[in-house]
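Model the full assembly from the supplied sequences, consistent with the hints where possible.
Each protein sequence line maps, in turn, to chains A and B.
Heads up, the first sequence is in the numbering used here, so the first residue is 1 and it goes up one at a time.
Heads up, the second sequence is in the numbering used here, so the first residue is 1 and it goes up one at a time.
Incorrect hints may have been included.
Simulated DEER-style distance windows between Cβ atoms [to be verified]:
| # | chain 1 | residue 1 | chain 2 | residue 2 | range |
| --- | --- | --- | --- | --- | --- |
| 1 | A | 290 | B | 221 | 26 to 32 Å |
| 2 | A | 164 | B | 36 | 26 to 32 Å |
| 3 | A | 176 | B | 301 | 44 to 50 Å |
| 4 | A | 287 | B | 77 | 52 to 58 Å |
| 5 | B | 277 | A | 280 | 35 to 41 Å |
| 6 | A | 278 | B | 248 | 39 to 45 Å |
| 7 | A | 286 | B | 218 | 41 to 47 Å |
These stretches of chain B come out as covered by chain A in the derived footprint (C-beta under 8 Å, 3 or more residues) [what the hints assert, rightly or not]:
| # | region |
| --- | --- |
| 8 | 231-243 |
| 9 | 264-273 |
In case anyone wonders, no lab produced these hints; they're calculated from the structure.
Note that the Cβ used here is the ideal one computed from N, Cα and C, for glycine as well.
Protein chains: 2
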Amino acid sequence: MIDLVKKYLIELQQSICSEVELIEGGAKFAQDSWTRDDKRGSGLTNILSNGNIFEKGGINYSIITGDKMPKSATALRPELEGRKYTALGVSLVLHPENPFIPTAHANVRFFIAEEQGKNPIWWFGGGFDLTPCYGFEEDAVHWHQTAKKACMPFGEDVYPKYKKWCDDYFYLGHRDEQRGIGGLFFDDFNSGSFDECFDFMKSVGNHFSEAYLPIIRKRMGTPYNESEKDFQLYRRGRYVEFNLIHDRGTLFGLQSGGRTESILMSLPPTVKWSYQFKTKPNSEEEKLTSYFLKPRDWVSLK
Amino acid sequence: MIDLVKKYLIELQQSICSEVELIEGGAKFAQDSWTRDDKRGSGLTNILSNGNIFEKGGINYSIITGDKMPKSATALRPELEGRKYTALGVSLVLHPENPFIPTAHANVRFFIAEEQGKNPIWWFGGGFDLTPCYGFEEDAVHWHQTAKKACMPFGEDVYPKYKKWCDDYFYLGHRDEQRGIGGLFFDDFNSGSFDECFDFMKSVGNHFSEAYLPIIRKRMGTPYNESEKDFQLYRRGRYVEFNLIHDRGTLFGLQSGGRTESILMSLPPTVKWSYQFKTKPNSEEEKLTSYFLKPRDWVSLK
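Next up, the structure:
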């Protein structure tokens, strides 16, 4: 099982990197292959810095093993306590230079927790979600339509379920704000055979580019001024707050002795915090939080 | 008890603000007085932005009450569970423009947890700690000497105990780095009478300016270039990581429904994250992590 998933993940990483480089038209990912000192983890971190389109982008493949599931993973699933595990996944975050292009995040992962004399417990997780600074309805509709398309072969109820989970997950309680306009989020997914579950994960992984690339192409030519850039830097603060305070994936990684630099590649390149930043009434900046960052049934809008 | 502490805290806030404004020579704190909608908290947040010396500084007084101690406070002290509480304190963070001036943090606070028919449980907490980007031994020695001076009237063992607690507390596990060069940190402090404990808290609060102001004056004229500024922005990332991942005070504030903007005023104004930032061997930048950010007996260095 691990080998099959690994093969797919490495191909997925490669294919998304190629597509991003194509749209960049020059800038290339730097590849950093690493192995943990204790040999319990390795990975390939691909980083793009100061590109034409992306100020910073990271597309990371990693596989880690451990003797004992970490706390953040067993809190809700005590049956996993004490099991050794292998976790592998591809995780990507792309922070555009242009504030009119949204930041994208995607992740697909496979877990297997084993204990001698017992059946292994395995599951898939993943999803993708979009974080605009300036919202566009048509982009949100396209993003969610593509998310729905990825889910449809697996049942009518799949998209609504994982769309809602995404909204629930990417929520900043201390701000009472969504991180972005959502997408898909699933975890602990093991209903049906391994092949069926794996197919679903692949469908999510394979639809990421179709969801994101058209939005980049549509927005990359939009001119922006300093105050719009500033708004982006300010909004990136929320991204940092979510990832460091709330994100289970980040906490799992740091707790399990993951590779800090690869985990925190998700953080934006430049960020600003200012006390009580205020948006003008009825501005595009205000519309972001008052309209776009509320859970919404985007696919029905079209 | 609450009234006595409140009076002191408001005076302390005022006095530190005046001293900072004096050194700023122009820029003033903006005062933002706030009350929570549910009336269970109020405060005065003083913010200085884009000053001559400080890119951002916040000196916050707040008092909050609650029906039930939040999780982060009762994890280690189950006897507090279910009690109503009042917490008040002054908290400050000063982020200088010049990378040769260290960032300073100080906090003094008083908690009282009450339950009908039982004796109230009260305690003090606080401390101050320093986070340089470029280290100077003489500054570290002065800072710790002043910390020791604040503690000496209360016993020989007080400074070493709270100096160590500070080193233990301001530690980023995922980076295996101290946040800074430390100082003092104490919590759950209630040994002796209320007056004695209160005197200790006041001594810590009153020594902050004596510890910090001479360092500002010594470093504020040092010229710096873009790469030194960049190093500061990069190091500020660690500050954010600590505050959002590890800091119990921040988590307590956010969990107890505190005022997010006042709590997160501690975050630096501008921050950069870059993948695997590398310092040159034997540079001042490398010396920061290899020498200064290790727990060290600074007072014995002089």
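To see whether the hints hold, each was checked on the structure:
A hinted range of 26 to 32 Å for the beta carbons of residue 290/A and residue 221/B is inconsistent with their spacing of about 46 Å. One distance hint, 26 to 32 Å for the beta-carbon pair residue 164/A and residue 36/B, holds here, with the actual separation near 30 Å. Judged by the Cβ atoms, the range 44 to 50 Å given for residue 176/A and residue 301/B holds: they are separated by roughly 48 Å. The hinted window of 52 to 58 Å between residue 287/A and residue 77/B is violated, with their beta carbons roughly 45 Å apart.
Look at residue 277/B against residue 280/A: about 36 Å separates their beta carbons, and that is inside 35 to 41 Å. At roughly 30 Å, the beta-carbon separation of residue 278/A and residue 248/B lies outside the given 39 to 45 Å, and the hint is violated. Our hint of 41 to 47 Å for residue 286/A and residue 218/B holds, since their Cβ atoms are close to 45 Å apart. Here the region 231-243 of chain B counts 4 residues with a CB under 8 Å from a CB of chain A, which clears the bar of 3, and the coverage holds.
For the region 264-273 of chain B, the stated coverage by chain A holds: 9 residues have a C-beta nearer than 8 Å to a C-beta of that chain, and at least 3 were required.
Hint compliance for this structure: hints 1, 4, 6 are broken, all remaining hints hold.
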